[in-house]
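Participant: Protein sequence lines, in the order shown, are assigned to chains A and B.
Going by the numbering used here, 36 is the number at position 36 of the first sequence; the sequence numbering is gapless.
Going by the numbering used here, 73 is the number at position 73 of the second sequence; the sequence numbering is gapless.
Hints in this document: simulated from the structure, not taken from any laboratory.
Each residue gets a CB set at the ideal place from its N, CA and C atoms; glycine is no exception.
One should not assume that every hint holds.
[Stated by the list, open to error] Partner residues are not named here, just some residues of chain A that face chain B (Cβ under 10 Å, in silico):
id, residue
1, Met1
2, Glu15
3, Gln39
[Claimed, not checked] Reference listing, derived: stretches of chain A covered by chain B, where coverage requires no fewer than 3 residues with Cβ under 8 Å from a Cβ of chain B:
id, region
4, 7 to 14
5, 72 to 83
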Amino acid sequence: MRIECPFCGPRDVGEFAYHGDATRRPEASTSDATQPFYQAVYLRDNPAGRHKELWYHAGGCRSWLSVTRDTRTHEIFGVTFAAEESS
Amino acid sequence: MHYSFLNLARQALRGHRDWQPTWRDAAPRPRYDIIIVGGGGHGLATAYYLAKEHGIPNVAVLEKGYIGSGNAGRNTTIVRSNYLLPGNEPFYEWSMKLWEGLEQDLNYNAMVSQRGVLNLYHSDAQRDAFARRGNAMILAGADAELLDAAAVRRMLPMLDFDNARFPIKGGLLQRRGGTARHDAVVWGYARGASDRGVDIIQNCEVTGFLREGGRVVGVQTTRGRIGATKVGLAVAGSSSRVAALADLRLPIESHVLQAFVSEAIKPFIPGVVTFGAGHFYISQSDKGGLVFGGDIDGYNSYAQRGNLPTVEDVCEGGMALMPAIGRVRMLRSWGGLVDMSMDGSPIMDKTPVDGLYLNAGWCYGGFKATPASGWCFAHLLARDEPHPVAAAYRLDRFETGHLIDEKGQGAQPNLH
Numbered sequence: 001m002r003i004e005c006p007f008c009g010p011r012d013v014g015e016f017a018y019h020g021d022a023t024r025r026p027e028a029s030t031s032d033a034t035q036p037f038y039q040a041v042y043l044r045d046n047p048a049g050r051h052k053e054l055w056y057h058a059g060g061c062r063s064w065l066s067v068t069r070d071t072r073t074h075e076i077f078g079v080t081f082a083a084e085e086s087s
Numbered sequence: 001m002h003y004s005f006l007n008l009a010r011q012a013l014r015g016h017r018d019w020q021p022t023w024r025d026a027a028p029r030p031r032y033d034i035i036i037v038g039g040g041g042h043g044l045a046t047a048y049y050l051a052k053e054h055g056i057p058n059v060a061v062l063e064k065g066y067i068g069s070g071n072a073g074r075n076t077t078i079v080r081s082n083y084l085l086p087g088n089e090p091f092y093e094w095s096m097k098l099w100e101g102l103e104q105d106l107n108y109n110a111m112v113s114q115r116g117v118l119n120l121y122h123s124d125a126q127r128d129a130f131a132r133r134g135n136a137m138i139l140a141g142a143d144a145e146l147l148d149a150a151a152v153r154r155m156l157p158m159l160d161f162d163n164a165r166f167p168i169k170g171g172l173l174q175r176r177g178g179t180a181r182h183d184a185v186v187w188g189y190a191r192g193a194s195d196r197g198v199d200i201i202q203n204c205e206v207t208g209f210l211r212e213g214g215r216v217v218g219v220q221t222t223r224g225r226i227g228a229t230k231v232g233l234a235v236a237g238s239s240s241r242v243a244a245l246a247d248l249r250l251p252i253e254s255h256v257l258q259a260f261v262s263e264a265i266k267p268f269i270p271g272v273v274t275f276g277a278g279h280f281y282i283s284q285s286d287k288g289g290l291v292f293g294g295d296i297d298g299y300n301s302y303a304q305r306g307n308l309p310t311v312e313d314v315c316e317g318g319m320a321l322m323p324a325i326g327r328v329r330m331l332r333s334w335g336g337l338v339d340m341s342m343d344g345s346p347i348m349d350k351t352p353v354d355g356l357y358l359n360a361g362w363c364y365g366g367f368k369a370t371p372a373s374g375w376c377f378a379h380l381l382a383r384d385e386p387h388p389v390a391a392a393y394r395l396d397r398f399e400t401g402h403l404i405d406e407k408g409q410g411a412q413p414n415l416h
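Use the sequences and the hints to build the structure in full.
Facilitator: Okay, here's the thing in structure tokens:
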């Protein structure tokens with residue numbers, strides 16, 4: 001499996017560290033944040049198919065990446081900087 | 001048919017004409033008391049104990065492919081009960097006790113071999129942690145022995161004891177641990193269940209649940225609708241997909257775990273050995289092949305196929321532990337779909353949906369749990385209350401904070 005880092009180009013998966021489902025962190029300042037946090041921390045859609053996930057390019061440019069990948073075939077459809085996406 | 005020497009001799013005299021199939025390949029009937037989804041070790045063991053221990057033989061086991069075609073046929077066959085936490089250790093020790101009587105109970109040769117499981121330690125801190133774990137095991141009725149380097153050297157002289165970075169200082173040994181023949185476990189449970197009236201239905205994929213006022217009253221399958229009073233899920237890596245059919249989201253990620261076997265060599269490794277400074281474990285099969293594995297690949301996957309960096313990492317662990325295997329050729333590698341829970345421990349509980357029960361989250365350690373998983377899931381399905389040794393495996397523990405995190409890694413399944 002290779003991930004095409006937007007900064008470094010296509011690199012071996014061994015250079016990357018996985019951080020799971022790229023679901024956004026819930027708003028912490030609301031009064032009823034317990035349920036949304038429980039769901040965000042512990043529950044997963046865990047789809048067989050397209051999955052948006054976070055990878056860290058630890059052995060390269062050290063960027064956090066948002067990768068869309070098929071969990072059945074390991075085919076990668078798109079890679080963006082996670083920071084750009086959340087802004 | 002009962003398997004015995006007398007019966008074998010009798011059949012031999014008749015030219016082996018009267019042997020029956022080991023178990024009955026059934027067609028679905030319209031309705032059962034209990035349906036188990038998943039014809040792996042856990043599902044078949046559940047059906048067996050439902051019929052045998054709880055007198056409920058009107059049970060169907062539905063399997064998408066053929067029985068034992070998932071993780072039951074892909075694991076590294078290790079059985080052990082060397083856990084630390086009180087939520088885990090009594091359960092795994094009950095499993096170990098069931099393994100010890102399994103072949104007599106099933107009247108089937110599962111090749112249970114108590115050849116010992118040795119976890120090596122490489123530092124003073126690791127020794128202290130292992131001593132603590134050994135004491136926890138003994139408190140739960142298991143056996144444990146803390147060995148020093150000299151004792152390990154007598155057992156396994158070929159290890160790299162004086163490795164510059166990770167010298168071997170000793171190990172925690174469970175002599176009652178060992179290996180079992182994975183396929184035979186599946187076939188033995190299938191035979192025991194089938195003999196007691198359980199229907200084992202293959203090539204029958206569950207595509208939806210039949211609901212009545214919120215309650216599950218059966219399943220929709222590729223072989224038609226089947227009604228049931230209760231439905232139990234034992235589908236390992238497919239748990240999230242099947243639970244999604246009932247609108248449930250689970251605290252589970254599916255990952256790929258690879259395993260490896262080498263060409264056959266003469267007897268070399270007497271039991272199961274694990275490397276304490278990386279993640280590598282190895283045993284030798286009765287055919288002579290070295291069976292080994294290590295970490296999961298570490299990303300969500302339904303591919304049943306891993307990638308090369310993990311192959312390299314596992315083999316490096318092997319070389320650091322026992323350089324003597326360096327010229328042995330790897331024969332095969334394969335991948336299985338493991339249901340990694342968010343704290344590394346299993347889930348066995350009722351779900352919020354009435355009539356639907358869950359047995360999942362076995363991570364990469366489900367094989368050793370097969371007998372007790374079946375025993376306790378049958379107890380839960382039959383009596384609607386958890387078995388005492390599995391009472392901590394609640395589905396709501398993630399919400400209430402009662403996690404069972406053996407490794408203390410937090411909600412990061414690829415680190416468990």
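Participant: Enumerate the violated hints, using their earlier numbering and listing them in ascending order.
Facilitator: Those not satisfied: there are none.
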